[in-house]
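Chain residues, written in single-letter form:
Protein chains: 2
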Amino acid sequence: MSEVVISDPLLAEGLARISEEIDGAFDALLPVPDDQRARLVEAMRYAAIGGGKRLRPLLLTAVAEMFGVVREAAIRAAIAIESIHVYSLIHDDLPCMDDDALRHGKPTVHLAYDEATAVLAGDSLLAFAFEVLGDPAVSADPFTRIELVQALAHASGAQGMAGGQMMDIVAENSEFDLQTITRLQQLKTGALLGAAVEMGAILGRIPPEGRTHLRGYARDIGLAFQIADDLIDHEGDVLLAGKAVGKDAAAGKQTFVSLLGAERAREQARMLVEQAIGHLAQHGKEADLLRAVARYIVERKH
Amino acid sequence: MSEVVISDPLLAEGLARISEEIDGAFDALLPVPDDQRARLVEAMRYAAIGGGKRLRPLLLTAVAEMFGVVREAAIRAAIAIESIHVYSLIHDDLPCMDDDALRHGKPTVHLAYDEATAVLAGDSLLAFAFEVLGDPAVSADPFTRIELVQALAHASGAQGMAGGQMMDIVAENSEFDLQTITRLQQLKTGALLGAAVEMGAILGRIPPEGRTHLRGYARDIGLAFQIADDLIDHEGDVLLAGKAVGKDAAAGKQTFVSLLGAERAREQARMLVEQAIGHLAQHGKEADLLRAVARYIVERKH
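Heads up: the protein sequence lines correspond to chains L and Y, in order. Just so it is clear: in the first sequence, position 214 is 214 by my numbering, and no numbers are missing. Just so it is clear: in the second sequence, position 283 is 283 by my numbering, and no numbers are missing.
Note that these hints are calculated values from the structure, not bench results. Among the hints, erroneous ones may be present.
Unchecked claim - To list a few chain Y residues with every Cβ distance to chain L over 12 angstroms, as calculated: (1) D8; (2) A25; (3) A38; (4) M44; (5) G50; (6) F67; (7) G157; (8) I232; (9) E299.
Claimed, not checked - Going by beta-carbon spacing under 7 angstroms, a handful of chain L positions derived as facing chain Y: (10) L29; (11) V32; (12) Q36; (13) V41; (14) C96; (15) P107; (16) L111; (17) A116; (18) A137; (19) A153; (20) S156; (21) N173.
No residue lacks a Cβ here, since even glycine has one placed at the ideal position from N, Cα and C.
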């Protein structure tokens with residue numbers, strides 16, 4: 001499915017590496033039990049293994065690496081945040097939500113299994129995320145682990161991602177202005193991208209006041225990411241996206257593209273990427289992967 | 001709805017007290033935001049406030065009190081476990097799951113709101129549980145907090161409650177024997193009741209080896225609870241249960257009653273309660289509330 005050539009060798013290597021590591025870790029951490037729960041864990045594995053850009057794990061591990069965190073610990077934390085992302089996609093795709101048939105180029109969980117299993121698989125991945133963060137393999141320091149729990153729980157719930165999803169549902173029957181759409185997307189997509197960066201810094205034991213510029217970076221790429229998504233949906237190529245496209249306009253939803261027009265939206269995304277990179281000025285070569293991720297976000301075609 | 005007179009004054013007072021405290025804490029911890037997320041938090045509050053026996057909070061706080069834990073901290077942890085219980089009821093009631101119209105005598109969340117909101121409200125309560133446990137109000141000690149996270153996450157996910165729910169779905173199209181039904185119920189209901197007791201002991205800083213008898217107590221009352229539920233479903237009185245009854249037989253599900261017969265099931269539940277109380281032999285009057293809870297579990301009519 002992913003036919004886009006990534007020109008930056010650092011990014012290409014980073015994406016390939018994180019994909020392999022995340023697939024391997026999900027495989028190891030989600031063994032299929034030898035009883036009637038097998039179907040549930042199989043559905044979790046179906047959704048979690050072998051798909052997606054692994055953008056949140058890439059961000060988390062890139063930040064952790066800047067601060068010298070052991071790779072294995074960072075991958076564990078990355079599994080937690082990716083579990084939250086995957087659960088949100090399973091539930092988003094349900095008939096009562098977006099009713100999507102395709103995800104990462106294959107049938108969505110409720111079609112490959114059934115709706116009840118999809119609901120439970122999403123729920124189980126949500127709980128699994130916090131089980132993973134509770135484990136000493138993430139960090140021997142319980143304070144670091146509990147800080148990770150707080151950051152991820154806050155970003156996932158009603159004040160974060162789920163709150164953004166609710167706004168998105170309300171948006172289908174309302175006229176939202178640019179400010180409200182921005183707020184919606186900062187929650188729906190931005191909260192978890194922000195948590196990825198934050199969790200990398202927590203693992204690196206960077207105190208909250210030392211994370212301000214990283215938060216700025218995360219906020220800017222989060223918004224750029226969503227504008228780019230709206231542009232992809234607008235210009236839609238179903239093969240590249242690996243999911244149904246052009247749905248926003250069909251649903252009558254306000255997007256950055258409908259509010260700004262494609263040209264201004266594209267400019268805005270580019271500006272945000274430059275601003276994101278600007279937040280990294282105090283860092284040297286060790287932040288090059290984060291810079292490459294920021295550029296990739298607007299250049300990607302899916 | 002609750003017209004059953006509770007004869008034990010200690011239990012009657014404990015149930016009344018915990019109901020009021022849990023309602024008050026949910027009310028304080030779930031303020032409705034002044035934007036489009038309001039509907040989500042309203043749905044969470046609709047499900048969380050003003051209903052249910054609060055059995056898990058009662059167990060958790062009763063154990064915590066035995067070990068001198070500050071009441072406010074225990075209530076916070078109780079809010080976390082009750083949030084997991086409430087989320088599981090919201091998702092269980094969905095059309096693709098049990099398709100129930102009534103819960104605690106009022107319309108289920110997907111009927112009072114809509115299915116998408118019900119899915120999100122459940123998800124948000126799940127994340128909220130871990131956000132609450134991450135907060136220092138539960139315990140100043142990060143190790144205690146992370147132990148609580150581990151216990152609750154494990155009890156909620158594919159290896160605990162959600163795994164039991166999956167087995168329950170598979171059970172509709174299978175012939176389960178008594179051993180498998182027992183395993184199913186130990187996961188579906190028992191895991192969270194066990195976590196309630198375990199979390200009380202964690203708050204009390206009782207090391208794992210000192211929790212063995214409490215685990216035995218929890219295991220026995222968990223099974224007794226489910227047998228009692230099957231008996232209530234079998235003898236069904238919709239007014240008392242506050243939900244649809246007689247559904248298990250209609251769905252062709254194996255239950256303790258269908259496998260053992262009502263008389264032997266009732267005997268088995270009574271025997272388990274005696275066994276549960278036996279596990280508390282090393283404790284004096286401070287365990288009287290736990291003893292009363294064990295008896296209540298088989299005597300209740302809803």
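Right, here's what the structure says about each hint:
1. Distance check for Y/D8 against chain L: the nearest CB is about 34 angstroms away, which clears 12 angstroms, and the non-interface claim stands.
2. Every Cβ of chain L is farther than 12 angstroms from the Cβ of Y/A25; the closest lies at roughly 16 angstroms, confirming the non-interface assignment.
3. Listed as outside the interface, Y/A38 is inconsistent with that label: its C-beta sits roughly 9 angstroms from the nearest C-beta of chain L, within the 12 angstroms cut-off.
4. For Y/M44, the shortest C-beta to C-beta distance to chain L comes to about 7 angstroms, within the 12 angstroms cut-off, and the non-interface label is violated.
5. Distance check on Y/G50: its Cβ is at least 19 angstroms (rounded) from any Cβ of chain L, clearing the 12 angstroms threshold; non-interface status holds.
6. Under the 12 angstroms C-beta cut-off, the non-interface status given to Y/F67 relative to chain L holds; the minimum distance is some 20 angstroms.
7. The beta carbon of Y/G157 sits about 4 angstroms from the closest Cβ of chain L, which is not more than 12 angstroms, so the claim that it is off the interface is violated.
8. The Cβ of Y/I232 lies farther than 12 angstroms from every Cβ of chain L, with a closest approach of about 24 angstroms, so its non-interface assignment holds.
9. Its beta-carbon lying about 32 angstroms from the closest one in chain L, Y/E299 satisfies the requirement of being farther than 12 angstroms from that chain.
10. Evaluation of the L/L29 hint against chain Y yields a violated restraint, the C-beta minimum of about 11 angstroms exceeding 7 angstroms.
11. At about 10 angstroms, the closest approach between the beta carbon of L/V32 and any beta carbon in chain Y exceeds 7 angstroms, and the interface hint on this residue is violated.
12. The closest approach between the C-beta of L/Q36 and any C-beta of chain Y is roughly 4 angstroms, which is under the 7 angstroms cut-off, so the hint is satisfied.
13. With a cut of 7 angstroms, the hint placing L/V41 at the interface with chain Y holds, because the nearest CB-to-CB distance is about 6 angstroms.
14. Annotation: L/C96 was flagged as interfacial toward chain Y, and the flag holds, the nearest CB pair being 4 angstroms apart, inside 7 angstroms.
15. A least Cβ separation of about 16 angstroms between L/P107 and chain Y goes past the 7 angstroms threshold, and the interface hint is therefore violated.
16. A cut of 7 angstroms between beta carbons decides the hint on L/L111: the least distance to chain Y is about 13 angstroms, and the hint is violated.
17. Interface restraint check: L/A116 against chain Y, minimum CB-CB distance 5 angstroms, threshold 7 angstroms, status holds.
18. For L/A137, the interface hint is violated, since its Cβ never comes within 7 angstroms of a Cβ in chain Y; the closest pair sits about 12 angstroms apart.
19. Hint status for L/A153: holds, given a least beta-carbon distance of 4 angstroms to chain Y, under 7 angstroms.
20. Hint status for L/S156: holds, given a least beta-carbon distance of 4 angstroms to chain Y, under 7 angstroms.
21. Below 7 angstroms, beta-carbon pairs count as interface contacts, and L/N173 has none with chain Y, the closest being about 11 angstroms; its hint is therefore violated.
Against the hints set out earlier in the document, violations occur for numbers 3, 4, 7, 10, 11, 15, 16, 18 and 21.
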